[in-house]
Amino acid sequence: MCIMKMKKGADHMKIEYRQHGDVLLPNLTLKPENEVQPGKYGLMRRQFLKEHRNYLFQEYLMDQSLNQHLMEIEQTAQKRKTQLMNQLKTKDGITEQLKKEDPILWGQKMYQIEREIDEILKTELIYR
Numbered sequence: 001m002c003i004m005k006m007k008k009g010a011d012h013m014k015i016e017y018r019q020h021g022d023v024l025l026p027n028l029t030l031k032p033e034n035e036v037q038p039g040k041y042g043l044m045r046r047q048f049l050k051e052h053r054n055y056l057f058q059e060y061l062m063d064q065s066l067n068q069h070l071m072e073i074e075q076t077a078q079k080r081k082t083q084l085m086n087q088l089k090t091k092d093g094i095t096e097q098l099k100k101e102d103p104i105l106w107g108q109k110m111y112q113i114e115r116e117i118d119e120i121l122k123t124e125l126i127y128r
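Counting from 1, one number per residue, gives the positions in the sequence shown under the UniProt record's numbering.
Any given hint could be a false lead.
FRET-style restraints, in silico, Cβ to Cβ [claimed, not checked]:
id: 1; residue 1: Q58; residue 2: D102; range: 23 to 31 Å
id: 2; residue 1: K122; residue 2: D63; range: 21 to 29 Å
id: 3; residue 1: Y17; residue 2: I120; range: 26 to 34 Å
id: 4; residue 1: Y111; residue 2: S65; range: 44 to 52 Å
Each computed BS3-like pair below joins lysine-lysine, with the alpha-carbon atoms no more than 27 Å apart [claimed, not checked]:
id: 5; residue 1: K50; residue 2: K40
id: 6; residue 1: K89; residue 2: K50
id: 7; residue 1: K100; residue 2: K50
id: 8; residue 1: K109; residue 2: K91
id: 9; residue 1: K122; residue 2: K50
Hints are computed from structural coordinates only; laboratory data are not their basis.
Each residue gets a CB set at the ideal place from its N, CA and C atoms; glycine is no exception.
Using the sequences and the hints, build the whole thing.
Below you can see the structure in the form of structure tokens.
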């Protein structure tokens, strides 16, 4: 068994290695992560990181902070979605009265708002 010291910022890390043939492999263990699954926006962020910011994705994995990051994105997105939904419904005149009088039009407008909110959230949170 070989022990090496690595510098990471101001901290020092000790990593133990084991011999595997001609190669030294690090003895790395992962702490169990919170098993809560992220929702729609957390999963979108995960996919984006994996495909377009792989270095950051790998860093989150190594730090074991990926789930925490995804849950923060999910919570922020849900709060922002509620806020935007209220603003856009008011701006577009979407009311419970409209829902009663013309449910088809109400549904179309709500669908349109949801798509608009998704695009805003992608720009603000997912693709940054």
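Query raised in the report: Which of the numbered hints are not met once you compare them with the structure shown?
Result: 1, 3, 4, 6 and 7
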